[in-house]
Amino acid sequence: MPEITFAKPSLPKSGALAVLAAEEGLAAALAELDAATGGAASRAAAAASFKGRKGQSCTILAPAGTGLSRIVLVGLGKGEELTPHGVEEAGGTAAAALMQDEAAALDARAACTGAVGKAGAVRAALGAVLRGYRFDKYRTKEKPEDKPKLARLTVMADDAAAAKAAWPAAKAVADGVFLARDLVSEPANVLTPAEMADRCVALRALGLEVEVFGPKEMRKLGFGALLGVAQGSANEPRMVVMQWHGAGTAKGGRRGAKAAKASKPLAFIGKGVTFDTGGISIKPAAGMEDMKWDMAGAGTVIGLMAALAGRRAKVDAVGLVGLVENMPSGTAQRPGDVVTTASGQTVEVLNTDAEGRLVLADVMWYCRKRFDPAFMIDLATLTGAIIISLGHEHAGLFSNDDALAQAITAAGKATGETVWRMPLGEAYDRMLKSDIADMKNIGGRPGGSITAAQFLQRFVDGCPWAHLDIAGTAWSSKDKPTVPKGATAFGVRLLDALVADQHETARA
Amino acid sequence: MIAVRFRRRMPEKGARALLAGPDAAPDLALPGFTGAAGEASSQHDAAGRRLIGAGLGADPSARTVREAAGRAAGLAHGETRLAIDARALPAALAAEAAVGATLRAWRFSRAPAPRDDDASGTPPPLLERIDIVVADKRQAGAVWDMLRAGVEGALLARELVTEPANRLTPLRFAARMRALEEHGIAVEVLGRKALREAGFGALLAVARGSAEPPCVVVLRWKGRLELPPVAFVGKGVTFDTGGISIKPAAGMWDMRGDMAGAAACAGAMLALALRRSPAPAVAVLGLAENAIGARSQRPSDVVRTVDGTTVEVIDTDAEGRLVLADCLAWTLRRFSPRAVIDAATLTGSIVTALGHHRAGLFSTDAALAAQIAAAGEAVDEPVWPMPLGGGYEEALESGIADLRNCSPERMQPDACHAATFLKRFVGDAKWAHLDIAGVEAREEDEPLGPRGATGFGARLLDRLVSLRFETDEE
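Sequence order for the protein chains is A and B. Going by my numbering, the residue at position 222 of the first sequence is 222; the numbering climbs one at a time, nothing skipped. Going by my numbering, the residue at position 467 of the second sequence is 467; the numbering climbs one at a time, nothing skipped.
Keep in mind that the hints were calculated from the coordinates and are not lab data. Bear in mind that the values here come from a model prediction, so they are computed numbers and not experimental data. Incorrect hints may have been included.
[To be verified] With a cut-off of at most 25 Å between alpha-carbon atoms, the simulated SDA-like pairs for lysine to any residue come out as follows:
(1) Lys54/A <-> Gly251/B
(2) Lys478/A <-> Gln412/B
(3) Lys13/B <-> Thr122/B
(4) Lys433/A <-> Gly32/B
[Said to hold, decoys possible] Ranges between beta-carbon positions, derived for each pair:
(5) Leu126/B <-> Lys433/A: 23 to 33 Å
(6) Asp290/A <-> Gly391/B: 41 to 51 Å
(7) Arg430/A <-> Arg107/B: 20 to 30 Å
(8) Asp401/A <-> Arg172/B: 34 to 44 Å
(9) Arg172/B <-> Ser434/A: 27 to 37 Å
(10) Ala111/B <-> Asp501/A: 38 to 48 Å
(11) Ala186/B <-> Ile436/A: 53 to 63 Å
(12) Asp472/B <-> Gln406/A: 27 to 37 Å
Beta carbons are placed, not taken as given, at the ideal position from N, Cα and C, and that holds for glycine.
Based on the sequences and whatever the hints tell you, model everything.
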């Protein structure tokens, strides 16, 4: 992550410069640059048909009259339509064009207008940082000139002091996003359930309370469904419970034990199948490598908890992840097996590749009973059907609570991690009827994501609950303004925004 | 449709059914019957008459009443007459009992006689008459007159969907539409030549492989309001082999129902005419067979639609959207409708997304979408809003034409892509698209219909017109 500083606007003497420009303000912005470049900025913008539209950009290399390596113009679109996420996208687009320079400046004055206001500088910086993510620890032969060089980014705004004060919280969120992307990018031979649990333990440094449960403890808790999935693998399963106690600090000063007791925590639960072969119901070979990111729901929960702790969120939150590897072997569970979940309900496992819901069933039930949370939100790369339903544009949102669903939808829109609500209902629930157990773990192809959600709903015990099926959004096959190709960490920003906007009332 | 009569007293003969909630349940001498919603049971009394109890639960809704009456009709197997005692219900709800019973009692007109299941050698008789016993028969009858129209529409749609493709070719479909003239509907048929002149390049390309010529049927109901019509556009692929991008053999027989959208639109028009709706309406049915032949269109062909848009055909099995593209563009040009709603068994993707319980609703107009959803809920044809446009546009970019008909990727949200494709042909008209694949037929007997065609869409569109288009307000 490049080092971010904030400064008052001035024309840098060297390095690269990016200028965010709205359509209306383009002429003024160009006039300023023209004064330094002898009119080159305007000529370049005209030659490239750069009008300041959203998504547009234009680079002027080695502009005469300056010591700059390049000037990058990035469009913000119409000023009145500007949103915080729109600014992030412009910051991301700028960053993508600045990677060749060690030091760069980003003129974010035009982003600090209208509905965005002062937050524009921080949003631009956040967008730039998020776009700059790279997972390159296993590239051992990459030449230095092929690596991105950007080490220092100075974001320029009139109120640099305000931006500087607001940045640490935003950076904590970016750190959470990066942690989630790292986890999702790691191959499955490195990131086993035990290794993933260890990385959670490391988060104690941020002030999180972290407990790790092994097979023995989970057996005691009656996690028959999760353990059934895990039993085919040589890598032992884990469940990690992360707690953040921030609510007591709301009124400044030390945490009051009473306040902490009174507030029900927000609960986030993630599916963490570190590799999913499908088990005995094995997947086709083509594309199976993608199954290393079948733990993205857990990755997001871990990243979110790191973000909340990193920015000292004034809220009580718990994050639970069920970590297993789904392998075929002589000890693997078979199609037709019946397992008993922690809730006591029995499940006929007709397809061992519908394993995520088995893992979540036990963890969600445990979460409900132990924490009695204000709500439970689970995230999971749960079904291929959600990709056939919504593609890679939206995650599927299923909920038994309209207000919660609306809040999640709004937070998704605000952060560019958009969701689309899908239905639940009695008619779908009936599709889980089993001949020999309380339910079967698949409902057939029609409405496949819905029946998966219906399955989960049987383990929420009346708690306000939402399920995000992120199978289509956890990984991106192309660069987007704030998300480079690869692991997206979908959900970290959405849920962080949900917490910040809805549950930190005492927040300054 | 089975004859329905409203009367005040229970008849002396035939089967009896009581629609009852928990309070009335004990009066029925039906062991174990509690009157809960969804419950139904049947037995013979001492005199040998069949007695049926169908539960309403406490505080029944129109839907509960329809379903209870439907269950009762389902249990009246082997009876010729069924009397439904709805005296405990207000007149409007009692009329809904007739809706449920007639929807459930429907049989395909060409269906063979039912098998005798008591080995007596004679097939069991069919239900011929349903009496609804009510306190105020005039009022209930008046409500029924309006509801009956929708049921007739739905049953017409079921008949059409059930017909096999060798008996319901595009031209024979069109010929059957002529029968609607007697209800005051104007019927116009555009044959191949007229379609060529009007520039239906996409629809004609779909039809190329078949020996059966395509056509477009235009049904018009004048109504009384001096307004442009509301338009329905229906996909009527009388059989869909997939074309050169041929479908697997397993399940291909279901493709006789790939004209269910057109059938629903025709059914809705019949309903409007039967109840003399004041709203002017038009239905445009694109009828073609997607067959494989020496002249079939190929994947990679480029076709030109009515509005001049060029389309690269990636998959010949994404043919419904080609038929609809021409029909939508032509409908807008010819009628400038107040709103246009298309119905189509368009994608397998929507079945994966929503299963068999809801149709996909795609719309660029929030108010219209909300009214369609409300209409659907009101008549047991539920829909669910789905996304279109935005990021889905990219999947339709073609290297050599204005757009392509689908994306070649293996796993993709084809229902959203198809809706996004159609959006390109509706300009800024108020428009909604119903993807009814998955709900056009049911796999098992259900309270509101036997296994087979559902007629989904006919009652919904009829109700939509009554909710939104029978005044001159926007």
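A quick look at each hint next to the structure:
no. : hint                              : result
1   : Lys54/A <-> Gly251/B              : 47 Å, violated
2   : Lys478/A <-> Gln412/B             : 16 Å, holds
3   : Lys13/B <-> Thr122/B              : 21 Å, holds
4   : Lys433/A <-> Gly32/B              : 23 Å, holds
5   : Leu126/B <-> Lys433/A: 23 to 33 Å : 32 Å, holds
6   : Asp290/A <-> Gly391/B: 41 to 51 Å : 20 Å, violated
7   : Arg430/A <-> Arg107/B: 20 to 30 Å : 26 Å, holds
8   : Asp401/A <-> Arg172/B: 34 to 44 Å : 51 Å, violated
9   : Arg172/B <-> Ser434/A: 27 to 37 Å : 45 Å, violated
10  : Ala111/B <-> Asp501/A: 38 to 48 Å : 59 Å, violated
11  : Ala186/B <-> Ile436/A: 53 to 63 Å : 59 Å, holds
12  : Asp472/B <-> Gln406/A: 27 to 37 Å : 34 Å, holds
When each numbered hint is compared with the structure, violations occur for hints 1, 6, 8, 9, 10.
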